[in-house]
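Peer 1: Each chain is listed here by its residues.
Number of protein chains: 2
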Amino acid sequence: MERLENLLKLGSLVDPLLEKYVLKDADPEFHEALLYPIRTGGKRLRPALTLAAAVAAGGSMEDAMPAAAAVELAHNYSLVLDDIIDHSELRRGRPTVWKKYGLSTAILVAVHYRESIAQALNDTRDPKLFNEIMARTLKLLTEGERLDILFEQSGRSDEPYVVERRRRSVTLADYLDMVYKKTGALMETSCVFGALSAGAPAPVVEALGSYGRSLGYAFQIGDDIIDIFGREEVTGKRVGKDVEEHKLGNVVVLLAAEELGGREREELLAILRRDAVDAPSVKRALEIISSTRARERAEELRRRYSEEAVRALSVLPRNEGRSMLETLAEFVATREF
Amino acid sequence: MERLENLLKLGSLVDPLLEKYVLKDADPEFHEALLYPIRTGGKRLRPALTLAAAVAAGGSMEDAMPAAAAVELAHNYSLVLDDIIDHSELRRGRPTVWKKYGLSTAILVAVHYRESIAQALNDTRDPKLFNEIMARTLKLLTEGERLDILFEQSGRSDEPYVVERRRRSVTLADYLDMVYKKTGALMETSCVFGALSAGAPAPVVEALGSYGRSLGYAFQIGDDIIDIFGREEVTGKRVGKDVEEHKLGNVVVLLAAEELGGREREELLAILRRDAVDAPSVKRALEIISSTRARERAEELRRRYSEEAVRALSVLPRNEGRSMLETLAEFVATREF
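Chains as they are written, first to last, in my numbering: chain A, 1 to 337; chain B, 1001 to 1337.
Everything labelled a hint here was simulated from the structure, so no lab data went into it.
Warning: the hint list may mix true and false statements.
Only pairs whose alpha carbons sit at most 25 Å apart, straight line, appear in this in silico SDA-like list of lysine to any residue [stated by the list, open to error]: (1) B:1283 to B:1226; (2) A:99 to B:1157; (3) A:241 to A:300; (4) A:241 to A:337; (5) A:9 to A:319; (6) A:100 to B:1087; (7) B:1099 to A:103; (8) B:1024 to A:206; (9) B:1043 to B:1095; (10) A:9 to A:335; (11) B:1128 to A:19; (12) A:100 to A:28; (13) B:1100 to A:87; (14) A:99 to B:1159; (15) B:1024 to B:1123; (16) B:1100 to A:159; (17) A:100 to B:1082; (18) B:1100 to A:158; (19) B:1100 to A:86; (20) B:1099 to A:167; (21) B:1283 to B:1205.
Please take these sequences and the hints and turn them into a complete structure.
Peer 2: Have a look at this one:
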């Protein structure tokens, strides 16, 4: 089994390509802002998935490079816009794009990224097919983000669409549907792109897609756990940000609310519904959540999806690619950042 | 020669396709917001260009339909984002998308539109080529919008990128460069898409692209004239909005500033540099501008580019398509809305 550090370096193999596609057709005066999202780090998990999936499917990493670049660009594209939508000021321990450069520039950077994705996809084995899959995937991401916003319990009073359609109750099934769209779909596509780059037959493409889908659930559940229980110096993000952002669409908050009885449940929901959630309120919410089995149950769920991901690989021959995907699933099941 | 009303109906032939691509992979709860931009009107000039160019190149409108839908979707995509960037509250006499639904929803609508473009392009004659051209075109649009913003003389004090890079002087050449990118590139692509949909040879593609490029200048100069001298009840937009938005990148403002001597030139520029340009200031700016030959010179420039567009068609055989493009150029040279 590959060591994790090597695997996370794997994704970075696409860095030169990312820069190539991002700088294509760009004015030199715009370069700095364009490079900012991809030069401020990131785990490069999605391109690692594409490259490992290509090898697992019997192909070469080389053939999967443009597709791997495309999924990492798609990830960064969505982050730049999500940070605008969520008013997030910090990512990876640094100012977000809109915070650093301003709203207009952030929007222009995002638009430019989307075109860099198209340019990368045009260098894949089958541009039409890859473009079609990416379009569907990014529409799913949009829908996932729309639901994530509607699951917020307050805020956005200047956004009529959200105010009128907010969900007052969110079930675990609602949550999982949102998570597949917001996170799972792109991980699925990352793996499918690897398989297709290798020219794999349909059952292999399906198995790797299924792995990516399950991994997506595990990954997002991990994100939710880290948001509530993470350590700022490790994560580069503020703890309890989801509570501040009124999110009932965090699995830990959701499971806590589900488990709690009358008064404390109401207190937790009341905090989420506050116009502005101050630091003492976040602290109190974390206390209430910590009094439940929500963390334990979320960890179980994360573990279960990670195992499901690994099981989906069982139809594949044992090779280095499959082994890399297994290690990545283990990383996703246990990561703290 | 075709009558103008019929020509503007021509573009509306793509309406069913626009709705098809926009509603593809969309949740029913999202439909209303997604349909809003395309159902609130618009001249459908770009799809008319694509369809007319296809006929001019000896092809059929039918073959050019997906490409025509793609360019109109691209236009709407850019409008949704431009209205966010410019804080515009009114378009076509109605609230803009962000004003009606909120910022997050507007961003999600825009992202969804971009994917609908990709889906439309996948139904063209050569998806890889059409995708490549669209990606380059949308990167140019981004660059044009970036320059347009940098040509503003005040505002965006919360946007460090803009504040640090603002242009203190803008020449006519700078303006034309910005306009090609912001407006001309997509009109050029609209015509090129028509030609390519018809399977036209390179010189025909080039001639039609050149027509679209010249038309783009004429169109944007017209927009600038209408912004300063238009009538609100005809245009659906507020008069003098560009002055309010501190834009030196409006050709009428630019030509006035160029022509004016000392005191009045300084007064006009001082208005553009005010933090908030109030109604009396807009009125005063319009007075100053009206005292110059800027309107006349802008009209001459518009006419010249429109004629240049028509001249580019001279290599094509006289047919109905070419005749439609000539009528469209006449419309662009004289339109008041």
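Peer 1: Which numbered hints does this structure break?
Peer 2: 21
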